[in-house]
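Protein chains: 2
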Amino acid sequence: MATSRWTAVPARTFSPRRRGPVLERAILDAALDQLSTVGWSGLTMEGVAAGAQTGKAAVYRRWPSKEDLVVQALRDGLPRLDGVPDLGGVREDLLQLCRQMRVTMFSRPGFALRAVLHECDATTAERFHEVIFEGVIEPSVKLIKEVLRRGIERGEVRSGGTEAFVCDVIPAMFMYRTKVCGSEWRDEEFEALIDQVMVPLLRP
Amino acid sequence: MATSRWTAVPARTFSPRRRGPVLERAILDAALDQLSTVGWSGLTMEGVAAGAQTGKAAVYRRWPSKEDLVVQALRDGLPRLDGVPDLGGVREDLLQLCRQMRVTMFSRPGFALRAVLHECDATTAERFHEVIFEGVIEPSVKLIKEVLRRGIERGEVRSGGTEAFVCDVIPAMFMYRTKVCGSEWRDEEFEALIDQVMVPLLRP
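First to last, the protein sequences are chains A and B. Using our numbering, the first residue of the first sequence is number 112, and each one after it goes up by one. Using our numbering, the first residue of the second sequence is number 112, and each one after it goes up by one.
Simulated from the structure, these hints should not be mistaken for lab results. Glycine included, C-beta positions come from ideal geometry on N, C-alpha and C. One or more of the hints may lead you astray.
[Unchecked claim] Among the chain B residues that face chain A by a calculated CB cut under 7 Å, a handful are: (1) V195; (2) L198; (3) A226; (4) A233; (5) T234; (6) E274; (7) F276; (8) M284; (9) Y287; (10) T289; (11) A303; (12) L304; (13) V310; (14) P311; (15) L312.
[To be verified] Pair by pair, the computed Cβ-Cβ distance ranges are: (16) A:D306 - B:R238: 32 to 38 Å; (17) B:L198 - A:S218: 43 to 49 Å; (18) B:R191 - A:R260: 41 to 47 Å.
Assemble the whole structure, with the sequences as input and the hints as a guide.
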C-alpha cells in the first residue's frame, strides 16, 4: 500500500527522457556553461552532450557543427533589447537605454561572445560579429531612433535628430570606448556620453 | 692602367654591403612586401631576409621575432597624421582631417595592418591594436582637439566643444562604420558625418 506505486517507480523517472524544446534548451545551456568554463577552444560536442546529460547524436542532429551550436546558444542567451524607455525626457531615456545595452553586453552570453571572438579564427568571427550586430547593435539603433522620434514630437529634439549617423553615435561610442579604452561603462561614463555629446547634438 | 683598379672590383660592388638605417629600411620594406603578398601567416624571417637581399642573422639581430619586425614595419610605414588643417572653418577642417585619416587607413601599411589583425591570434592582436592606437587614433584625437580649440577661439564652436567624448566621436564613427557597415569612407560619407553629427554637436 504505502510502498506500492511509489517504491516501484524506477530512479530514472527523475531524469525523464526530454524531447523537443526542453532538450534543446538543456543543450544550449550546457553550451554556454562550457564556453564559460573551457572557452571556445575547449568546447566539444561531446562535452556539451555530457553537460546536458544526453548523447552526442542528439546534439549533432540539431546543430551540424560546434559553430552553429554556439551561435544559437549566444543568440538565444543574450538578454533582449526590446523595451523603449519612456521616462518623459530624452536624456533619461537615453541613459536608460545605455544601461539596457550594458546589461546585454555584460550578461553571461555577452561575456562569452567577446571571449569567443578573442579565441576563434577570422572566418568564424564573422558569424559571431553577426550575432553582435543582430542581437545588440541593430536593436539598440532601433530603440535609439524611437526615443529620438518621440523627443522630436515633444519638441525636445531638433528635426534632423533621427538621421542615420546620429542614431549610430551611441553604439559607435560603445564599441570604441570598450575596445580602445577598455571601458566597463560605469554610470558616470554614460552621463558623460549623454551630456557631452547627445544632449548638445540633439538640442533644437 | 685602364684595367687595374676598375676591372679588379668584384661584381658585388654593385650591391654594396648596406649597414645601419639603409639595411634596416630595406628589411622593413621587405616585411611590408611579404605582408601584402603572403600575409601574416605566410611571412617568415627567411622570406623577409631574401626579399631584402640580406641574411637571416641581419634580421634577427634587429628584431627577435616576426611580431616585433612587423610591428615596426607597420608603425614606420603608416602615413603620419600630423598637420592640423587650417582652412578657415571647422567644417572644412574636420572634413580635411577625415580625408587624412582615410589616407592612413587605406595606405598599404593600413591595409596590411587590418589584414594582420584578421589573421593573427588574440595575444598578437593586442600589439597591433596598439599600433592602430598610437599611429591613428591618438594623433587623430589630438588634431581634432586642436581644430576644435581653434573653432572655439573663432567663436564657431561652443565652449564645451573640446571635451573628451566630443573629440572621440569621429574616431568612434570611423571604427564603427568600418567594422559594422564595411564602409570605405567615400567623401559623401564624411560630409554626412560632419553635417549630421559634428556641426550640430559643436554649434554654440
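Here is how each hint holds up against the structure:
The restraint placing B:V195 at the interface with chain A is violated, with a minimum CB-CB distance near 22 Å, outside the 7 Å limit. Interface restraint check for B:L198: the shortest CB-CB distance to chain A comes to about 22 Å, outside 7 Å, so the restraint is violated. Here the hint on B:A226 is broken, as its CB sits about 10 Å from the closest CB of chain A, past 7 Å. A cut of 7 Å between beta carbons decides the hint on B:A233: the least distance to chain A is about 4 Å, and the hint holds.
Here the hint on B:T234 is broken, as its CB sits about 9 Å from the closest CB of chain A, past 7 Å. A hinted interface residue such as B:E274 counts as satisfied when its beta carbon comes closer than 7 Å to some beta carbon of chain A; here the least separation is about 5 Å, so the hint holds. Hint on B:F276 holds. Least Cβ distance to chain A is approximately 4 Å, under the 7 Å limit. About 5 Å separates the beta-carbon of B:M284 from the nearest beta-carbon of chain A, less than 7 Å, and the hint is met.
The beta carbon of B:Y287 is positioned within 7 Å of a beta carbon in chain A (closest approach about 4 Å), and the interface hint is therefore held. This hint is violated: B:T289 has a C-beta 10 Å from the nearest C-beta of chain A, more than the 7 Å allowed. A cut of 7 Å between beta carbons decides the hint on B:A303: the least distance to chain A is about 5 Å, and the hint holds. At about 6 Å, the closest approach between the beta carbon of B:L304 and any beta carbon in chain A falls short of 7 Å, and the interface hint on this residue holds.
Of the supplied interface hints, the one on B:V310 is violated, with its beta-carbon coming no nearer than about 10 Å to a beta-carbon of chain A, more than 7 Å. Because the beta carbon of B:P311 sits about 6 Å from the nearest beta carbon in chain A, less than 7 Å, this interface hint is met. Taken as an interface hint, B:L312 checks out: its beta carbon lies about 4 Å from the nearest beta carbon of chain A, inside 7 Å. The beta-carbon spacing between A:D306 and B:R238, approximately 35 Å, falls within the hinted interval of 32 to 38 Å.
Range check, B:L198 to A:S218: Cβ separation about 46 Å, and the 43 to 49 Å hint holds. Evaluation of the 41 to 47 Å hint for B:R191 and A:R260 yields a pass: the beta carbon distance comes to about 43 Å.
The structure fails hints 1, 2, 3, 5, 10, 13 (numbered hints given earlier, in ascending order).
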